[in-house]
Amino acid sequence: MTTERWQCVERLYHTALERDTDERAAFLADACAGDEALRCEIESLLRCDARAENFIEAPALEVAARLRAEDQTQSQQARGQAAEMIDTAPGPDVGLAPPGSGLLSATPIFIGDYRLLRKLGEGGMGVVYEAEQQNPRRLVGLKIIRGGRLVDEYQVKLFQREAQALARLKHPGIAAIYEAGRADDGRHYFVMELVRGIPLLDYVKGHRLTGAQAPCNIRRRLELFLKICEAISYAHQRGVIHRDLKPANILVPEESEGQSLDGPGLRRDEVKVLDFGLARIMDEDGAGASGLSQAGQVKGTLPYMSPEQVRGVPDQIDVRADVYALGVILYELLSERLPYDLEHVTLPQAIRIICEVAPKPLNRAWGESRDRESRKTERIDRDVETIALKALEKDPERRYRSAAAMAEDVTRYLTNQPIQARPPSALYQIRKLVARHKVPFASLATVFALLLGFAITMAALSARIARERDKAVAAERAAAEQRDAAEQARNAERVQRAAAEQSRNDEQEQRLLAEANLKSAEEQRALADKQRVRAEQQELSNRRLLYAAHMNLAVQALEARDWGRMQELVESHVPKPGAQDMRGFEWYYLWRLCHLDRLTIRGHGEAVHSVAFSPDGKRLASGSLDRTVKLWDVGAGQEIATLKGHTGNIFSVTFSPDGKRLASGSADGAVKLWDATTGQELATFKGHGDAVYSVAFSPDGKRLASGSGDRTVKLWDAATGQELATLKGHGSWVYSVAFSPDGKRLASGSVDRTVKLWDAGAGQQLATLKGHGTAVFSVSFSPDGKRLASGSGDRTVRLLVAATEQEVLAREKP
Amino acid sequence: MTPSSQEITQLLVAWSNGDSAALDQLIPLVHEELRRLAKRYMRQERGRERHGVTLQTTALVNEAYLRLIDARNVQWEGRAHFFAIAARLMRRILVDYARSRNYVKRGGAAQRVSLEDAADFSAERAPDLVALDDALDALAKIDERKSRVVELRFFGGLSVEETAHVLEVSPETVLRDWRLAKSWLLHELDKRTGYDD
Chain F
1 MTTERWQCVE RLYHTALERD TDERAAFLAD ACAGDEALRC EIESLLRCDA RAENFIEAPA
61 LEVAARLRAE DQTQSQQARG QAAEMIDTAP GPDVGLAPPG SGLLSATPIF IGDYRLLRKL
121 GEGGMGVVYE AEQQNPRRLV GLKIIRGGRL VDEYQVKLFQ REAQALARLK HPGIAAIYEA
181 GRADDGRHYF VMELVRGIPL LDYVKGHRLT GAQAPCNIRR RLELFLKICE AISYAHQRGV
241 IHRDLKPANI LVPEESEGQS LDGPGLRRDE VKVLDFGLAR IMDEDGAGAS GLSQAGQVKG
301 TLPYMSPEQV RGVPDQIDVR ADVYALGVIL YELLSERLPY DLEHVTLPQA IRIICEVAPK
361 PLNRAWGESR DRESRKTERI DRDVETIALK ALEKDPERRY RSAAAMAEDV TRYLTNQPIQ
421 ARPPSALYQI RKLVARHKVP FASLATVFAL LLGFAITMAA LSARIARERD KAVAAERAAA
481 EQRDAAEQAR NAERVQRAAA EQSRNDEQEQ RLLAEANLKS AEEQRALADK QRVRAEQQEL
541 SNRRLLYAAH MNLAVQALEA RDWGRMQELV ESHVPKPGAQ DMRGFEWYYL WRLCHLDRLT
601 IRGHGEAVHS VAFSPDGKRL ASGSLDRTVK LWDVGAGQEI ATLKGHTGNI FSVTFSPDGK
661 RLASGSADGA VKLWDATTGQ ELATFKGHGD AVYSVAFSPD GKRLASGSGD RTVKLWDAAT
721 GQELATLKGH GSWVYSVAFS PDGKRLASGS VDRTVKLWDA GAGQQLATLK GHGTAVFSVS
781 FSPDGKRLAS GSGDRTVRLL VAATEQEVLA REKP
Chain C
815 MTPSSQEITQ LLVAWSNGDS AALDQLIPLV HEELRRLAKR YMRQERGRER HGVTLQTTAL
875 VNEAYLRLID ARNVQWEGRA HFFAIAARLM RRILVDYARS RNYVKRGGAA QRVSLEDAAD
935 FSAERAPDLV ALDDALDALA KIDERKSRVV ELRFFGGLSV EETAHVLEVS PETVLRDWRL
995 AKSWLLHELD KRTGYDD
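In the order they appear, the protein sequences are chains F and C.
Numbers 1 to 814, taken from our numbering, label the letters of the first sequence in order.
Numbers 815 to 1011, taken from our numbering, label the letters of the second sequence in order.
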């Protein structure tokens, strides 16, 4: 800021101060003459002036001395035995203590500004004390968290921010949090509103501090539940999720006990939800709200945790986790039972149950917990059960979107309006069932069986199932009839053929007769024509029957995987020129099936790395990372043999030119030779120091070449297994080898980015062909042997001239 | 053995003349005053609790300042200079004290977060000496004299008249400077603590 401007600020500031407060704005607007920045500056200084009366009026020495006094007081209060005494102080395990018990020792124990008076309770997360705050003087609840040490400043900040968010929750149904702090030993504590009351479930069962009462009726329970929803919904709107909702965290304050149980005009503050949002804060420490012990036993609040919580996906946890807990609470409020029996199961079992098993029907649970008399008088309405079950959906998407939406449905029920939630549809339940059991629902029969199973419990579905079952039976019958018809048709075909033959003969006889009998020629001819037409009609009819029979047979062939027969049958009905086309959709369907990929061969346990046809095309060899080579009958799609012997992945298989032998190259460094008919192992060629990536027979079948990770290519005598030559020169793994069609040259492609050309007889290197940017994976000669193609990781295929040695050398030189 | 105010004065003069060893002797003296004052405050708090008695705190502080900065023994020509030096020294020692205290707190000896306080920062609360020190440096860049007014009055414990004398301006000017400086500093602290965002 320039000096002039600052002087201007100063002058206007003091002048404005001399004016009355309500005149200042107008004065400044005028004096600043449109300089908005200046006006703002002075305005904000004036605002500060109003607050600055006592600011820094006390001298710094006093400020510092007070800070020091504060520190000393705190450290005196918290010093000494306080920490140990807190932990060892006697107290009841749960709930609230009757006055007088849990009193702490006579020596006052201070945590921060709070004097602990007595222990109120103890839970999985910490101990709760009644404490006295010094300023303002009031009784508060103070909860000390077990363990809970934060490590760095950043986490302290997060902790504070979170605590501040919680402190902003001000709702009669939520026990307010006043302060969060850390004791001298680093443990966190929370100071909250002191609530004297009865835990929710005890309350509805009729337990009171003053003695036993009649249990609450259903309406009363639902009204209490609405109060809980209200409080939760309020917090959700302020962005705070509870994460550890359970009946033990909900108290019914003493004050509201006196009123009539069923009376109208319910008080707003009938429930108090405790520990709001603390779960998350404590998770920062890893203390966790889950209450899972390490032994895998289930403790604490697991029954109230949603599937997404028990699966431990913090990102997915939103308000609907609270909605789930509300569902459990509603269920428990009504039935006094939990929706799942998790008491005697291990943690993994419990997690599975929470994530997969449907809750027990509410009315059964209710029945379990009631004596007969009350069962007679009250039943839980199906609507209420529907509401609870919607909140208990495994998939958050299917639950109520919010606590408010759930409360709305409960209100609808209480005011006799139709609720929004619908019981899960039959279709949805079946889908869930299928998904849960992962049964391969391939066969119709299984589906029907399951549908039948469901029909017992679901009346609504039974009609549909019966229809489906009838349809299925009818379909089966129809199929049987068709089969019979096909059989009959085949017989008929024979008969009709004979008949047709017969009638053709008849016609000829008639012709002869007609020729012989010239007198009656015209009549005879007319007769013959008639008969011909009849015969033609007859034949057409026969062909139709024949077509139908053949199509049926083709389907049978399809089922029998008799591909050849099926194709034969289908192709026999391609119409000849001039003939009538019989084909319907079924023919086109079957024809298409014939011309799909013939078949998919399955059998290998791992990736298949290499395949090769036998020269006659009837057999196929496949080499797999499962360390076996398999021989297949292509026509039948069936395995002929599994060739075992290699101890490493198989990278390459190839047939000898005569189709009698099979060679394989493996990661175990060996080349093996097999009988390509029986699959018997004939020989093992050892010599490579590393994996064999590629094998190739010479065109005459006498030699075998192999390319290896040991950077060499080896030439073998295919009959004796004798090593003929080792071709050295590549700088890295050799991925591919190929003989030229004349058998005189050999090409190899390598990770060293080059293709090398060798004299296949002498094993001499003829040329090195460079150009690829990365590894060369495959090489192949053209049938005339003049060109060589190579494929590489650089995404290119290169065509190289490999005509003669001279040419190549000539190309290489410049 | 508490040094006499005369000795303190000599130490201050020595420090102002560049004798850094003098500072080492001055710091414990200020801390001793802090301790003494703090003790009084604690006693006073307890007294108020028990009997509703409030002691006169201003007198205590003045007494402390008088013990630390006794200008009576200083020659008149050096008086203004001496006050300025004393105020600067107090500023340095007190801000250092506050800084080390904050450090200890962050280090984990005791961490207390008052939610109500944190959410409602106001001028009524004791100012953060460290932040104030920074803001005062910023003010000095805009208006050197106003920052000195604050230093003398707040850190040095000087009255308006004494401040006016040191700065050789009228008491009215000191008051005007004081008022604007306070507003400006408060505004600055608000900005720094982020309460206006």
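Mixed in with the good hints, there may be bad ones.
Derived Cβ-Cβ restraints for the label pairs, each shown as a range [what the hints assert, rightly or not]:
{"hint": "1", "chain 1": "F", "residue 1": "A214", "chain 2": "C", "residue 2": "R857", "range": "55 to 61 Å"}
{"hint": "2", "chain 1": "F", "residue 1": "A50", "chain 2": "C", "residue 2": "E958", "range": "23 to 29 Å"}
{"hint": "3", "chain 1": "C", "residue 1": "E958", "chain 2": "F", "residue 2": "E36", "range": "36 to 42 Å"}
{"hint": "4", "chain 1": "C", "residue 1": "E958", "chain 2": "F", "residue 2": "R11", "range": "17 to 23 Å"}
{"hint": "5", "chain 1": "C", "residue 1": "E958", "chain 2": "F", "residue 2": "A29", "range": "53 to 59 Å"}
Note that these hints are calculated values from the structure, not bench results.
For every residue, glycine included, the Cβ atom is placed at its ideal position computed from N, Cα and C.
Open item on the list: A range of 17 to 23 Å was offered for this pair. Does it hold for the Cβ distance of E958 of chain C and R11 of chain F?
Closed with: 18 Å, holds
Task: C-beta pair E958 of chain C, A29 of chain F: status relative to the range 53 to 59 Å that was hinted - done: 31 Å, violated
- [ ] With 23 to 29 Å as the target window, see if A50 of chain F and E958 of chain C comply at their CB atoms.
- [x] 26 Å, holds
- [ ] Could you check the hint for me, namely that E958 of chain C and E36 of chain F are 36 to 42 Å apart, CB to CB?
- [x] Taking Cβ atoms as reference, E958 of chain C and E36 of chain F lie about 28 Å apart, which means the hint is violated.
- [ ] For the range 55 to 61 Å, tell me whether the beta carbons of A214 of chain F and R857 of chain C fit it or not.
- [x] This hint holds: roughly 58 Å between Cβ atoms.
The structure does not agree with the numbered hints 3 and 5 stated previously, though it agrees with the rest.
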